[in-house]
Structure formats: C-alpha cells, structure tokens
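Undergrad: Residues per chain are reported as follows:
2 protein chains.
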Amino acid sequence: MSDPSLPEPQPLQALIDALRRLPGVGVRSARRMAYHLLQHDASGALHLSEALRHAVGDLKHCRRCNSFTEDEVCGTCLSPRRDPAQLCIVETPADQNMLEASHGYHGLYYVLMGRLAPLDGVGPQELGFQNLLDRACDGVVQEVILATNFTAEGETTAHYLAELLRSRGLRVSRLARGVPAGSELEYVDAGTLAWALMERRDSHQD
Amino acid sequence: MSDPSLPEPQPLQALIDALRRLPGVGVRSARRMAYHLLQHDASGALHLSEALRHAVGDLKHCRRCNSFTEDEVCGTCLSPRRDPAQLCIVETPADQNMLEASHGYHGLYYVLMGRLAPLDGVGPQELGFQNLLDRACDGVVQEVILATNFTAEGETTAHYLAELLRSRGLRVSRLARGVPAGSELEYVDAGTLAWALMERRDSHQD
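Those sequence lines, one after another, are chains A and B.
Read in UniProt numbering, the first sequence has 187 at position 187, and its numbers run on one by one without any break.
Read in UniProt numbering, the second sequence has 21 at position 21, and its numbers run on one by one without any break.
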C-alpha cells in the first residue's frame, strides 16, 4: 500500500505494521486505528503500550488448568468451593467464562488454548495433551466434560480426547446438542434439528 | 462481561480494556486479540507496545500540511518537485495516499485530520481552520482542490471550506462526481447517475 513517492514517517509505518499482527486487522483497519490513536487518543495508545508490556511480562499459564494467571496456580483451581471430581475441557478462557456465566457448573476446568487443526500444524503435541492427561489422571477427577466448540475442529478435538481419556478409565461426557433455549423450530437449522431428534429424551425424565 | 466468580487476572483484564479503546474493537474482538497475542505472539505484543510508544513520542503534525511527521515540516511539503500553487485538502493521510497512488496530482496537500461533524462537537475551531487559512493564503497557492469524502459530512466540510476560501480570492475546485471507472451503468446507484448527468461534459473536450 505504501508508495515510495510519499513515504509515511517511519514510526507511523511501524505502528501500522504492528497493529496488522492483531487477528482480524487488515491494513485499512490498522491505518484507521493508528490515525485514531495518534490524533484523538494518545493516552489510550500509551495505556495500551503499558498493558501489552505488563500482560506479556506478568501472565503465565496455570500449572493445573493451563489458563492465564499471575500465579503458579490460578484462583479457580485453588478454590475450595469447586468439585475436584469434575474436569471441564474448553478451548479458550472465553469459553470458560461463558460456562461460568451459565451458573450450571461447579467443577474445575482445563483450558486447551486452541483446538486440533492438523491443516494449521496444530496436533496433540502442540496443544500439550500430555499435560492434560497428567491433570485428568490425578486420581481425583472422575468425569471429564468435553466442552470444545461444535465446529468441525472442535468436534475432532472432542472425539480425539474422548478416546484418549476413556482408555484411561475416565468417564467422558460431551455438552448436549439440541435446540437452543428460547428458539422457534421454524428458525432452527436442519442439522441442529436432526441432532435434537436423535438425542431426544423421554419427557418424564424432566 | 466479567463475572466476579471467575476473576480474570488483572493484567489480562487491563489488556482487554486497553484494546477496546481501538476503533471498531468490541469486547469479544479485544478478548480474541489478547488471547492470540499472549498465546501465540508475545513478540508481536512487545513489538506493538514499542511501536505505540515510539509513534506517540516521535510523531507530530507537519507545520505546513498538518499530516504526521517526525520533523517540523514533512518531506512532501519540502519536495522541490511539487507544484506549490496547488493545495489539495483531504480528510486523512489515507486519503492523501490514495490520491498519490492515482499519480494524477503533483501539488501540495493539507490534511484536516477529520471533517466537520457538528453532532460530534467537531467544528471549524476543532479542525483548526485558521491554520488552514493561513496556509492557503501564503500568496503562492492559487488553486485549492477540495478532496474531502463524498459523504454528508465530507460534503458539508467542502461547502464550508469553499465559501471560506473563495472569500479570500482563491480559486476553489472540487473532485469530479460521476460514474466510477470501469463500472457498468446497470450497477451504478441512481444518485451517482443523477450527478453524472448533471455534470456531463461535451464529448469533444476529451
């Protein structure tokens, strides 16, 4: 995009290049962000600069659940109010947050920080499955709940983990598939309806 | 979004909050960016941190054209190969880049770094119109080309500037409105066609 006849000042070019490394940010967005910060929010820019430095410097992975934490073991893993017999496997801390917001789970978590994606070179080794196995086979965990996304890659990851963990004698479950709460059947996609039919429950179970 | 039962570590929360100050970035994007940087691109994060600090520290506005530069006066304004009798007014440095890429202009620029937007509290004073007037009335500039966007706010800005500059005895022109190069009439919107009809040219002028 840059034209040799109109060299942008180097610090501006460097900032635009650095912003482009953010996921989902192309050259136009990066440019708009750079102009905005320089023209209207220099304090926001310095704030972001500091936040980046601190986050990279201070955060590490929890030794037990692999999520981000400032300490060796995160607060969730240390909480005495959690059921250590249940371990829920999610792809990202955002997924963990959503499950917490449902108030339906009181066990512990393991955060993969990704999903199996062979085409992108992300295999069991890159995701540190040995670490997960060590965690799940601590003798206290009895049930592992697979809560990876219901995308192709998330499902592949769940299948792979299910086999791996079942072979270790653990009870393995998966989040239920079905019609989303509050939705009208007319607007639910066919694949979801097919799943909901296959996994239908007897009414008296409720 | 944050749940008191699952406090995210402070440096992560601070990073997400700082990323949300970028234009067009909501809480989900900010979260995704933060996870990505921390998990996969710590060097990119530090790189961005440095770039932000340098850009805010080293860049200022060119005393002549108001664009970003490391020096008092930018390279474009100092270039002896530019025609100082023409001054093109644009909203942002990105617009200036696009005009340069057209290779159709060889005069100088003035970058407003914004547009008149009364509803957002951006008036002639906020945009520094006095500075622009001083620049345009240097005795060398003979024609001012208004190249603000063809949006409502860009048009308002152009109208306002046209009156202001004409009253100073300057020749003022506006980029031509019409059918975009390479387009089929069937797919051109009605407003553009109406403009193209109104501003039609005699064929022998070509």
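The hints are simulated quantities; they were obtained by calculation from the structure and are not laboratory data.
Remember, it's a predicted structure, so these values are computed and weren't measured experimentally.
It is possible that part of the hints are untrue.
It does not matter which identical chain is used: a pair holds within one copy or between any two.
Using 25 Å as the maximum straight-line C-alpha spacing, the simulated DMTMM-like pairs for lysine to aspartate or glutamate come out as follows [claimed, not checked]: (1) 60 to 184; (2) 60 to 189; (3) 60 to 50; (4) 60 to 41; (5) 60 to 199; (6) 60 to 186; (7) 60 to 202; (8) 60 to 163; (9) 60 to 72; (10) 60 to 155; (11) 60 to 126.
Undergrad: The structure should be examined with respect to each hint, and the outcome stated for every one.
TA: Going through the hints against the structure:
| no. | hint | in the structure |
| --- | --- | --- |
| 1 | 60 to 184 | neither (43 Å within a copy, 56 Å between copies) |
| 2 | 60 to 189 | neither (40 Å within a copy, 54 Å between copies) |
| 3 | 60 to 50 | both (17 Å within a copy, 21 Å between copies) |
| 4 | 60 to 41 | between (30 Å within a copy, 14 Å between copies) |
| 5 | 60 to 199 | neither (40 Å within a copy, 63 Å between copies) |
| 6 | 60 to 186 | neither (46 Å within a copy, 58 Å between copies) |
| 7 | 60 to 202 | neither (46 Å within a copy, 70 Å between copies) |
| 8 | 60 to 163 | neither (29 Å within a copy, 60 Å between copies) |
| 9 | 60 to 72 | within (8 Å within a copy, 44 Å between copies) |
| 10 | 60 to 155 | neither (28 Å within a copy, 51 Å between copies) |
| 11 | 60 to 126 | within (17 Å within a copy, 44 Å between copies) |
Hint violations for this structure: numbers 1, 2, 5, 6, 7, 8 and 10, all remaining hints satisfied.
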